[in-house]
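Use the sequences and the hints to build the structure in full.
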Amino acid sequence: MTMWPRRRWLGLSVVALVLVAVGSAAALAQPRGGSLVVQVPTEPPGLDLTASPASAIAAVVFYNAQEALVKVDRHGKLVPWLAERWYTTDSKNYTFFLRRGVHFHNGREMKAADVKYVLDRAVNPETKHPYRVQYEAIQDVIVKDESTISVTLKHPDATFLWTVARQGSVIYPREAVDTLKTQPIGTGPFVVSEWVRGDRIVLVKNKDYWQKGLPHLDKVTYRFIADPNSALAALKSGDVDVSGFGLGPESVDELKKDGRFQVILGDSTNDVTLSLNNSKKPYSDKQVRLAITHAINKEEVLRGAMFGHGKILGSNVDPLNPYFVDVSKRVPYDPAKAKKLLAEAGYPTGFDAVLKVAPQYYYTVRTAEVLVNQFAKVGIRAKIEQIEWGQWLSQVWKDANYDMSIIGHAEAWDIGNFANPKYYFRWDSADFQKLFKESEVTVDDKKRRELYVKMQQMLADEAPAVWLYMHPRLVAAKKGVTGIWKDLPVPSFDLSEVAWQK
Amino acid sequence: MRRYLLRRVAALLATLFFVSVLVFIVVHVLPGDPALIIIGPEGSPEAAARLRKAMGLDRPLPVQYADWVGHALRGDLGRSIQYDVPVTSLVLSRLQVTLPLTLLAGGFMVAAAVPLGVFAATRHRRLPDYVTMALSQLGVAVPGFWAGLLLILLFSVRLGWVQSGGFDGWGQGVWPAVKSLLLPAVALGFFQFAVLARTTRSAVLEVLREEYVKTARAKGVGETSVLFRHTLGNAMIPILTVAGIQLGQLMAGSIVLESVFYLPGLGRLALGAISARDLPVVQGVVLFVASMIVMINVAVDILYGVLDPRIRYE
Chain D
1 MTMWPRRRWL GLSVVALVLV AVGSAAALAQ PRGGSLVVQV PTEPPGLDLT
51 ASPASAIAAV VFYNAQEALV KVDRHGKLVP WLAERWYTTD SKNYTFFLRR
101 GVHFHNGREM KAADVKYVLD RAVNPETKHP YRVQYEAIQD VIVKDESTIS
151 VTLKHPDATF LWTVARQGSV IYPREAVDTL KTQPIGTGPF VVSEWVRGDR
201 IVLVKNKDYW QKGLPHLDKV TYRFIADPNS ALAALKSGDV DVSGFGLGPE
251 SVDELKKDGR FQVILGDSTN DVTLSLNNSK KPYSDKQVRL AITHAINKEE
301 VLRGAMFGHG KILGSNVDPL NPYFVDVSKR VPYDPAKAKK LLAEAGYPTG
351 FDAVLKVAPQ YYYTVRTAEV LVNQFAKVGI RAKIEQIEWG QWLSQVWKDA
401 NYDMSIIGHA EAWDIGNFAN PKYYFRWDSA DFQKLFKESE VTVDDKKRRE
451 LYVKMQQMLA DEAPAVWLYM HPRLVAAKKG VTGIWKDLPV PSFDLSEVAW
501 QK
Chain R
1001 MRRYLLRRVA ALLATLFFVS VLVFIVVHVL PGDPALIIIG PEGSPEAAAR
1051 LRKAMGLDRP LPVQYADWVG HALRGDLGRS IQYDVPVTSL VLSRLQVTLP
1101 LTLLAGGFMV AAAVPLGVFA ATRHRRLPDY VTMALSQLGV AVPGFWAGLL
1151 LILLFSVRLG WVQSGGFDGW GQGVWPAVKS LLLPAVALGF FQFAVLARTT
1201 RSAVLEVLRE EYVKTARAKG VGETSVLFRH TLGNAMIPIL TVAGIQLGQL
1251 MAGSIVLESV FYLPGLGRLA LGAISARDLP VVQGVVLFVA SMIVMINVAV
1301 DILYGVLDPR IRYE
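From first to last, the protein sequence lines are chains D and R. Going by this note's numbering, the first residue of the first sequence is number 1, and it counts up by one from there. Going by this note's numbering, the first residue of the second sequence is number 1001, and it counts up by one from there.
Note that these hints are calculated values from the structure, not bench results. Any given hint might turn out to be false.
Just so you have them, the derived chain D footprint on chain R, three or more residues with Cβ under 8 Å [to be verified]:
(1) 1049–1057
(2) 1082–1095
(3) 1155–1164
(4) 1261–1269
Below are the DSBU-like pairs computed for lysine-lysine, each with C-alpha atoms no more than 30 Å apart in a straight line [what the hints assert, rightly or not]:
(5) D:478 / R:1053
(6) D:144 / D:111
(7) R:1179 / D:422
(8) R:1219 / D:479
One side only, chain R facing chain D, incomplete, derived with CB under 10 Å [stated by the list, open to error]:
(9) 1026
(10) 1030
(11) 1032
(12) 1034
(13) 1038
(14) 1040
(15) 1127
(16) 1149
(17) 1210
(18) 1211
As the structure is a computational prediction, the values presented were derived from the model and not from experiment. Each residue gets a CB set at the ideal place from its N, CA and C atoms; glycine is no exception.
Here it is in structure tokens:
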């Protein structure tokens, strides 16, 4: 990435910010504080963003209690955050200029030394950082002065700013490192004040937040309600104000008709994927994989499993990604062709397959049911096997002991999974690996985009997996709640701008 | 009596020992790796291996068991992997929901089932008997979670009398706390009520056929006295046995209803801990619930003697 496009982005986002500010000033006569009750389906397993990638932690902590040098804003753009600007000419040496006067919740001012501590700790293999791979490129972190820090990478990495923006890169004070799991101290607009295990987490306003005028809310209570029916009942009875995640798509129409609520349907980075075990027959045969893709009517899958909410995908890049292109038409629904390809590959009567899914994610089971039907029409006799999440992780993800599976890949910028032959798809393509490596070190944005387009096309044509649909971001809230993000480019539930409107 | 109690305590300890071995083996042979679950599909297997080592899960099983039991004997059940707080304090904090919920549901169960069962027995093969039995058939057939959802829809969403779930703690006052447990207690007790009502009915029916009841009636004893002095007391043994078993089942059955009403109870703690492979918590909760059930059984055994003086503990 060169300086020019970033400046242009910056310019654009400033314009956008002004527009948003003007627009909301007109619409939002009076943002009001008060308290808000938010439903989330899962209780976070601890509150340490640097210990686990669980999105349940990010939903509470990320952007609310803790922030990073760079922020991914509600439109999926990188914006300066705890670093007010940065500088690089080669995507190998980065200098970050920290915002001054930013204080942690414990009252101490954030300094460059804190940033160095955070990055060094992420690289250190002893700390068990779950994303350590992402930081492996870091060679050296040098504190220039109290608010300037420079990072040298081992090789140019065009995605490094995204790494710095991730939830694992939040800046916390060194002295609070041992209590991150229970008390995540950071610089964010809210402070975690109470965690009643199994019931709720309460955040209160950080009165000294560095952004003047924010947050609007005085208090936010997260309630953990796993059952979608109970969540709906809690919303309807008024016990929760916002249902953050976990309402089923079947509730959308009902809630839209109810004048008391607003339904927010947006995009996410969650690509629901039919994974195939490329190390195993018959999935190691490209013709078979293409036949499987041709056999799937994705529109019908989306209607059957998600009531039509979401977007059809053709490869492993989500619509929120700036390099997204629609390649879903390259291998269209064509059962006759699927049968022909199967016969050519030596399976004129089809084959048997086991489809392993984890019912913890309801959409995987529903999707599997639709797929099994479609497969039967071309002779693939698939059987659904429901396994518990912990077993899914060891059987499918770790040991690749499966034929087919379905899961949402929620990580943004995760196309590299297909360049890793050890990843559970077990797809080993030297051509793709070369393309990906090139994209990692290509600094020019235009060239990089071309590489990303090529990768998407190649994935669609080689079909190491079948990308079915983007899981929609679905939020239901009482009318009068404003400022909730429509799309979800990062797994956060940013409440800093949320308010009650008079 | 004292020797009996000593024997029971010894049996209790033996049971707990077996439970501890069993639960330890079960949670450790359970497929699924806690480190893998913490790291998740976006981390790397290497990170999971490092974490496994740090948690001491790479040590031989007997060593891990001895370590766990050694600490448990000193009242230390270990620390929760996901919450990073002592298991003992987690269990105790969840008890303030599960214990009152179980007792409340048990209270509903007994208060509704015993009178109805007696009533049905005295109207044997007549309309009230059939109505009562149909009602209890419904109770057996309706799953607790569904009954719970219906109650929420009626009393919270439509009428707005009580909250739809959640528990704000006893600090908010006794009545608000009890109020938030009312619906789940009713839903939880409904199924067990049905079973107990049927047991009561058949136990009372059986005693009513006894010769001494005939004798009492022949002597001109009033029907109320026949029922309460001569019959119910003697029918109490099977009723008590079933009620005791059910109290234990109520505790276990609260898992589902705690999820429906999102109550921070023991059941949800166990459920969450199993899916997160939070092994110390699973072990702690199972050990705790097992000892509670064993103690309820001891209490029932002792009550037998109180109710029926013919039973002696030698």
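Hints the structure fails to honour: Violated hints: 5, 7, 8, 9, 15, 17 and 18; rest satisfied.
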